[in-house]
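J.: Build out the structure end to end from the sequences listed, making use of the hints.
Residue numbers (this note's numbering), protein chains in the order written: chain R, 101 to 367; chain D, 101 to 367.
Bear in mind the hints are in silico, worked out from the structure with no lab data behind them.
Same chains, same names: a pair is fine if it fits in one copy or spans any two.
Straight-line alpha carbon distances no greater than 25 Å define the calculated SDA-like cross-link-like pairs of lysine to any residue that follow:
id	residue 1	residue 2
1	344	302
2	286	332
3	286	330
4	286	309
5	344	322
6	286	308
7	154	352
8	262	346
9	286	333
10	183	320
11	363	178
Protein chains: 2
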Amino acid sequence: MFVKKLLGTVATLGVGGLVGVVVERKRRNEVNAAGVDRPNQIMRYGFPTNSNLKVRSNYVLSYDRRNRNPNWVFEHLNIDIIKKTKDSIERDQLAFTEDSSIPGWFRSTNRDFAKSGFDRGHMAAAANHNAQATWKADTFYLSNIVPQHPHMNQHAWNNLEKYVRSLCHHNDNVYVCTGPLYLPRKEADGRMFVTYQVIGDNHVAVPTHLFKVILTEKKGRYTLRSYMMPNHYIDPSIPLEQFKCSLENIERAAGFFVFPQLKAEIH
Amino acid sequence: MFVKKLLGTVATLGVGGLVGVVVERKRRNEVNAAGVDRPNQIMRYGFPTNSNLKVRSNYVLSYDRRNRNPNWVFEHLNIDIIKKTKDSIERDQLAFTEDSSIPGWFRSTNRDFAKSGFDRGHMAAAANHNAQATWKADTFYLSNIVPQHPHMNQHAWNNLEKYVRSLCHHNDNVYVCTGPLYLPRKEADGRMFVTYQVIGDNHVAVPTHLFKVILTEKKGRYTLRSYMMPNHYIDPSIPLEQFKCSLENIERAAGFFVFPQLKAEIH
Numbered sequence: 101m102f103v104k105k106l107l108g109t110v111a112t113l114g115v116g117g118l119v120g121v122v123v124e125r126k127r128r129n130e131v132n133a134a135g136v137d138r139p140n141q142i143m144r145y146g147f148p149t150n151s152n153l154k155v156r157s158n159y160v161l162s163y164d165r166r167n168r169n170p171n172w173v174f175e176h177l178n179i180d181i182i183k184k185t186k187d188s189i190e191r192d193q194l195a196f197t198e199d200s201s202i203p204g205w206f207r208s209t210n211r212d213f214a215k216s217g218f219d220r221g222h223m224a225a226a227a228n229h230n231a232q233a234t235w236k237a238d239t240f241y242l243s244n245i246v247p248q249h250p251h252m253n254q255h256a257w258n259n260l261e262k263y264v265r266s267l268c269h270h271n272d273n274v275y276v277c278t279g280p281l282y283l284p285r286k287e288a289d290g291r292m293f294v295t296y297q298v299i300g301d302n303h304v305a306v307p308t309h310l311f312k313v314i315l316t317e318k319k320g321r322y323t324l325r326s327y328m329m330p331n332h333y334i335d336p337s338i339p340l341e342q343f344k345c346s347l348e349n350i351e352r353a354a355g356f357f358v359f360p361q362l363k364a365e366i367h
Numbered sequence: 101m102f103v104k105k106l107l108g109t110v111a112t113l114g115v116g117g118l119v120g121v122v123v124e125r126k127r128r129n130e131v132n133a134a135g136v137d138r139p140n141q142i143m144r145y146g147f148p149t150n151s152n153l154k155v156r157s158n159y160v161l162s163y164d165r166r167n168r169n170p171n172w173v174f175e176h177l178n179i180d181i182i183k184k185t186k187d188s189i190e191r192d193q194l195a196f197t198e199d200s201s202i203p204g205w206f207r208s209t210n211r212d213f214a215k216s217g218f219d220r221g222h223m224a225a226a227a228n229h230n231a232q233a234t235w236k237a238d239t240f241y242l243s244n245i246v247p248q249h250p251h252m253n254q255h256a257w258n259n260l261e262k263y264v265r266s267l268c269h270h271n272d273n274v275y276v277c278t279g280p281l282y283l284p285r286k287e288a289d290g291r292m293f294v295t296y297q298v299i300g301d302n303h304v305a306v307p308t309h310l311f312k313v314i315l316t317e318k319k320g321r322y323t324l325r326s327y328m329m330p331n332h333y334i335d336p337s338i339p340l341e342q343f344k345c346s347l348e349n350i351e352r353a354a355g356f357f358v359f360p361q362l363k364a365e366i367h
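T.: Below is the structure:
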């Protein structure tokens with residue numbers, strides 16, 4: 101292993117000081133790439149909530165046991181994480197699997213989705229985790245999935261996911277928080293109601309909307325972008341820009357702050 | 101204070117052994133009554149969830165920031181807790197107050213309830229906390245409140261609360277978990293939908309149902325009773341027994357186990 105080799109060399113030569121610092125930096129990067137410190141790198145700007153956390157090889161989520169969906173899914177991306185390598189795997193070699201770390205009563209299953217008319221929509225997108233087979237395979241846990249309108253999933257939402265990956269080409273780091281929303285609607289009498297379908301024996305909630313909050317970092321400069329999309333057919337002529345919204349709108353509806361440590365850290 | 105006096109006596113007399121044990125037992129009871137160990141006594145059989153916990157003088161709750169309601173509220177009751185004392189206070193001397201420990205975006209306010217047509221329904225009932233003024237006052241935090249149908253609140257639900265207090269007269273301990281539910285309903289086309297109103301600027305969710313799970317203990321023998329009631333007008337001729345339901349129904353709908361440590365502890 102590269103880290104060990106380098107450290108070994110330093111130890112043998114007995115070199116300290118500047119070289120030691122360089123080695124230390126390299127070692128940290130290696131550890132990150134190897135996944136040991138990965139969860140803290142992904143959650144660099146804080147946890148939106150601390151309930152039912154699932155730490156996967158390349159993303160972190162909080163699970164909503166009442167709706168059988170994630171509350172939020174967090175990814176840290178860059179060009180090395182999204183690009184295909186010799187360790188990559190094709191999507192069609194992977195199958196959706198139940199998350200056995202969730203008690204059966206609160207867990208969605210493939211049967212819940214069958215004949216429901218909804219796609220099993222990834223929150224951490226499979227194609228964001230190309231570099232390693234395990235990373236991509238982990239996105240197929242059903243705890244990372246919500247019932248998603250097929251057209252929306254395969255077109256408008258897919259475009260948003262592609263846009264996120266395009267940001268990796270000209271930024272150093274891209275932090276992405278993705279999740280479902282259950283928004284109220286005004287009825288004819290002026291009263292507001294939340295209405296959403298539930299599917300399957302486990303009553304998996306069909307979100308009314310999905311959101312994505314994207315924080316990009318380039319040489320210490322940060323940019324924040326927030327999107328919200330309805331979970332139904334979206335006319336392909338509507339440009340992505342139209343789904344931009346304020347972070348506040350998402351946070352009020354979701355019931356959490358997306359990057360709780362952001363302000364304290366970067367200002 | 102009684103504890104200090106007793107301990108003082110022991111110290112002065114230098115008495116150990118058996119008397120020391122008796123004093124230690126008394127001291128523990130005193131501490132419980134004084135509230136120092138109160139949260140752990142209330143949560144004796146485990147926490148249903150660990151998100152947004154609020155520990156009050158005589159109850160514990162988990163707050164649902166998305167719906168601006170509690171997830172669950174836990175009480176430990178007995179005859180000494182519910183009975184009026186010289187420290188008691190009347191209900192009409194108390195006012196509902198916002199819970200300032202919850203960020204403004206996720207907090208319900210009195211304004212949200214005004215002209216909504218819904219009562220501010222206590223989950224930990226005010227009349228369960230008679231013995232001390234602070235105990236009863238603490239039940240008036242809006243984090244302990246959900247929008248409740250006035251007739252249901254003042255009749256069927258009130259009867260259930262009275263029944264809980266009646267259980268204190270012939271049991272040693274009564275553990276009560278209370279909370280809101282958002283249940284799906286089958287539409288004409290066979291699909292299932294969750295629909296609930298939200299009120300006020302903060303979109304406080306109006307639960308479709310409320311539940312109460314009651315664990316009584318008498319000389320080491322335990323009895324569990326579970327109730328679920330729709331949050332609308334309930335015909336007064338319907339007996340309380342009709343609202344009994346399985347604990348499983350409540351737990352599946354709520355998304356948590358009510359007494360996670362119960363089986364391990366009492367079997």
